[in-house]
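Enquirer: Go by the hints and put chain B onto chain A.
Just so you know, the sequences run in chain order A and B.
Here the working numbering is used: the first residue of the first sequence is 1, the next is one more, and so on.
Here the working numbering is used: the first residue of the second sequence is 112, the next is one more, and so on.
Nothing false has been slipped in among the hints.
Okay, the calculated beta carbon distance ranges per label pair:
id, chain 1, residue 1, chain 2, residue 2, range
1, A, H6, B, F538, 52 to 58 Å
2, B, L421, A, A82, 36 to 42 Å
3, A, Y95, B, W179, 49 to 55 Å
Stretch-level coverage of chain A by chain B, calculated; a stretch enters the list once three of its residues show a Cβ under 8 Å from a Cβ in chain B:
id, stretch
4, 71-85
5, 91-99
Honestly, the hints are just simulated from the structure, not real lab data.
Computed from a prediction, not measured in an experiment: that's the story for all the values here.
Built from N, CA and C at the ideal position, the CB exists for glycine as well.
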Amino acid sequence: MIGLSHFLTLSAILFGCGVATILTKRNAIGILMGVELVLNAANVNLVAFNRFSWAGASVAEGAAPAVDGLMFAMFIIVLAAAEAAIALAIFLNFYNHFTTIDIERARMLRG
Amino acid sequence: MTIGLPWSEVLTLLPELCLLAAVCVALIAPVLPPLRAMFRASHGPMTALAVVALAAALLSSIAMLGGWGGLSAPADTVLHGMLAVDPFALSVKVIIYAFTLLVVVLWMSTTRGSVRIADGPDYISLVLSGALGMSLMASATNLLMVFLAIEAASFPSYALAGFNKQTRRSSEASLKYVLIGAASSALMLYGLSMLYGYYGTLDLIPIAQRLAAEGMSAGLLMGVFGLLIGIGFKLSAVPIHFWCPDVFEGASIEITTFLSVASKAGAIALLVRVMMTLGHFSGEETRGALVGIGSFVGLVGVVTATWGNLAAYFQTNVKRLLAYSSIAHAGYMIMLAGLLTASMDNAQPADLAYALLFYLIVYACMNLGAFAVAAVVAKETGSESLDEYAGLGQRNAFLAVAMGCFLLSLFGMPLTGGFWGKVRFGFEMWGEGMWWLVAALVVNTVFSLYFYLKPIIIMVWKQPASVRVMSVSPAMYGVVGVSLLGVFATGLLPDRTTAWAQRHSAMVFTMPSQSDATTQAVAEGPVSSRAPGVAEVDR
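Pulled out of the complex, with its shape left as it was, chain A reads as follows (with noise of 0.2 Å):
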């Protein structure tokens, strides 16, 4: 049967992709995408908690079941997307700068 450790397994396998695609891509979409997969892989994570630790636990205390995890899922799914939208305007605008979206070219500030 399917339980709570098959599911913290998936979220540690995707949070690993997740943090190996942030270190070794060169391209900002791929490093978004890498970002992406680790915030799925918290997801996963709170819904699994939700629906295996503690919706049943509060409900055992005579309380309606939590739904803490799941409206945090909720959330962060909503401001994925707003952090999509603006990374991507970001990325639009070095591009018109620099034509490409390799963060190795972004060398003109150092020191």
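Expert: Positioned in the frame of chain A, the structure of chain B alone reads:
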């Protein structure tokens, strides 16, 4: 728990609501046909809107702090534990709003011409929503709110750093800023999801209470570490500091000013609140771990301050120099935040929030002043190089003397506020027995003398290319004058500023009258507050 919100709770967010209303007006009004012509004609109406909104936010937060006009700081968290509108948060908000107001004046009289009139509303709404996010950072007591506040402060900052679309430097600065910001906020979220997994709640206070009852866990360490990454990014702590000089150099100078103080004030307030909360509710078995976390934060502060001071040696661009200086000052403040739990001799965090408030006031004044002079010089000469400061005394004696005072205050010269800020820090660190922090503070201050003196030496001894008199607008005299006043008021009357800071540094859980919801679980463990003038939370 009731579902509805009483109006009294909504009213405690009056300052934020003022800013939010102004952001909505700035976004909607310019597209309404009757008003479109007015907003297309000049920057005037937009600037006035920003000034009015910030003044209203400033006044309402001062009123709440002083308890005027029926407003008061609530004794408990508001919005179901999302935010704490306590005196500490309100004091930080006063600093942020007053500072942002002066930054808007600075923008008005120096760099406003570089923003197209059609872009004015976007610009103002970004500045105001940035200030809104930064003030929420000072209040957040829930991890969801922490995340939202950090992002609400960050997104406008990314856009503002790249607002000048014509310059390559600006586009590069915003690219670095957004990538590092996105990566650090994602890592922070992974840590926060671990905290939720272990504790089943997102409220900081219950998490701290559960921690005290159950001891440390790997999840807590991951969560705290993630949180520190998110806050450390905003504070430009080593090793995620390298965006700071690039963004400061690439962004327009008023944005640099805004980010150097307002953003760091919000972030350090959040860090202090997290550390205080963790320490306040700690128990016997968690003390060692908290001392470890505090020492780690203190060490990050030491490394940050040292790095900032050493890298500043080689700078020839005044904005870059001040950027490294602001990294160093953030390092000093992080050292103090670490001290909160690094020295828990009686299982209580030392009540040092007042020293931080004092430092923030001084830091805001001296940084604003230094950047204001730099903005005038950059506007007049068209260059940000330190060489432009040659013979500044002959071109405008007031600016030269003021710049000298700000730089010496940043160094920590006696008679200026910067001296007393550092003395307060050193005194408290010594009092808590953290001699290595005192040593780091002293050594760093000595290190920093050279690069703060460098512009002064250039001003005094180097021959200028031209001695054309620099004209300064009255508004800029006002901004520089207010900053000078702040630097010397805190420098000559340090006791009064300290007394003010001590009266206004209480946090929600150290305040005398608490609602039952937050104190019931405090029953186990001796909980007492060492804050002067604050009654003990006695169960």
